[in-house]
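A.B. asks: One-letter residues, chain by chain:
There are 2 protein chains.
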Amino acid sequence: MEIQVVKKVLDANLTVAKQNRDRFSRHRVFAINVMSSPGSGKTTLLEKTLARLAPEFRAGVIVGDVSTTHDAERLARSGAPIVQVNTDEFGGDCHLAAHVVASALDRFDLDQFDLLIIENVGNLVCPAEFDIGEDAKVVVLSVTEGEDKPVKYPLMFRVCDVAVLSKIDLLPYLDYNRNAAIAYIHQVHGGMPIFEISAKTEAGFDGWLDWLRKSIRRKIEG
Amino acid sequence: MEIQVVKKVLDANLTVAKQNRDRFSRHRVFAINVMSSPGSGKTTLLEKTLARLAPEFRAGVIVGDVSTTHDAERLARSGAPIVQVNTDEFGGDCHLAAHVVASALDRFDLDQFDLLIIENVGNLVCPAEFDIGEDAKVVVLSVTEGEDKPVKYPLMFRVCDVAVLSKIDLLPYLDYNRNAAIAYIHQVHGGMPIFEISAKTEAGFDGWLDWLRKSIRRKIEG
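Those sequence lines, one after another, are chains G and S.
Going by this note's numbering, the first residue of the first sequence is number 51, and it counts up by one from there.
Going by this note's numbering, the first residue of the second sequence is number 51, and it counts up by one from there.
It should be emphasised that the hints constitute simulated quantities derived from the structure, not laboratory data.
There's no promise every hint is true.
Same chains, same names: a pair is fine if it fits in one copy or spans any two.
Said to hold, decoys possible - Simulated crosslink set (DMTMM-like; lysine to aspartate or glutamate; CA at most 20 Å straight-line):
{"hint": "1", "residue 1": "LYS68", "residue 2": "GLU252"}
{"hint": "2", "residue 1": "LYS57", "residue 2": "GLU139"}
{"hint": "3", "residue 1": "LYS57", "residue 2": "GLU246"}
{"hint": "4", "residue 1": "LYS68", "residue 2": "ASP219"}
{"hint": "5", "residue 1": "LYS250", "residue 2": "GLU139"}
{"hint": "6", "residue 1": "LYS264", "residue 2": "ASP156"}
{"hint": "7", "residue 1": "LYS269", "residue 2": "ASP159"}
{"hint": "8", "residue 1": "LYS250", "residue 2": "ASP198"}
{"hint": "9", "residue 1": "LYS57", "residue 2": "GLU97"}
{"hint": "10", "residue 1": "LYS187", "residue 2": "ASP260"}
{"hint": "11", "residue 1": "LYS57", "residue 2": "ASP138"}
{"hint": "12", "residue 1": "LYS187", "residue 2": "ASP219"}
{"hint": "13", "residue 1": "LYS269", "residue 2": "ASP198"}
{"hint": "14", "residue 1": "LYS58", "residue 2": "ASP185"}
{"hint": "15", "residue 1": "LYS58", "residue 2": "ASP198"}
{"hint": "16", "residue 1": "LYS58", "residue 2": "ASP225"}
{"hint": "17", "residue 1": "LYS269", "residue 2": "ASP61"}
{"hint": "18", "residue 1": "LYS187", "residue 2": "ASP256"}
{"hint": "19", "residue 1": "LYS68", "residue 2": "ASP260"}
{"hint": "20", "residue 1": "LYS269", "residue 2": "ASP211"}
{"hint": "21", "residue 1": "LYS264", "residue 2": "ASP61"}
{"hint": "22", "residue 1": "LYS68", "residue 2": "GLU139"}
{"hint": "23", "residue 1": "LYS58", "residue 2": "ASP256"}
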């Protein structure tokens, strides 16, 4: 019975996700859903990304957290419009569902944006199951988390379009096998594009930004 | 309706959790539920803990992961009996539920143990909601995850008995405010005991082991 209900919840979610997707298409906004474990460096990555893309594109951000507005406060310094969603107002959900994103969208004028970044709740399991209507799903994995998370949390790496390996500035201080990490990602998602970056030093940022630029242009030029 | 079902699931879980708890009492086993984000260093912490406690106590381990037996293989080297649970056989659950733990317990002779370590699925949200009958809940938070996770995932820090701040060997390379981290933990859980450790160098291990020793003795001596 529990599984029946989960299926119903996911089906209802897909209906709203499709409405969100139509909305992004109508307004020609490229929407990305950024997911990761807690503390992988998503917010720092997004701060730097907003700063670097600001001269070229107009961006808005939806930030999902169980609780607090810390991330929204950090991202607000970029000047981009931000909506913080706290899932503890929706039963403490461990993920963003499509209807939660839809209610956040109502607080924006989407015509003002080329890019909408949706920072999901820090969690490698549940957010992978919920389509929110995004154009692309991005998983961020900190190198401090070790090499084998892709095979331990395979759905996340299977559904995402690109992977970002973050915090590479810490590599000299870790026992980390880069080849193993990449092999694990490609074991669950053959050919998945991988960007190895440090949001702190901006090492490796160009590849990530180029992928974003191309994806945004493709969307806004229809 | 979704919330009604969640309540039912949690109520059913509590019934089985109580059975597990009675079972631990009957066999005088001290059971801990170790929770954290993915990649916080739980498995390395447990490898070292098993090695250090082996001369004094007999331990068994239940390892929960969505997928793979990597952690069980690592922990098996300690010589302790291990049962790996993969939640992808239970609908890909993002947490260990009491009935999943109960089925793992059937594969052990609990009279052989003083300590049972249950390594939960890497996730700071959902495992906090599921009582599995443990005597103590432990949250592990890597210093690489930043200071503010306790306020962003408050339920986890509220329900846990002790917190372990792990990977302190990386502190020289991080922008990390130790006082802020401790203040955030105590903001959601006043007086919570905190062990600051490196599983790699075993710095700070004595306090953690002493807490475990005292807790195990209290349980086995009734």
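A.B. asks: So which of those numbered hints doesn't the model satisfy?
C.D. replies: Those not satisfied are hints 1, 3, 4, 5, 6, 9, 12, 13, 14, 15, 16, 17, 19, 21, 22 and 23.
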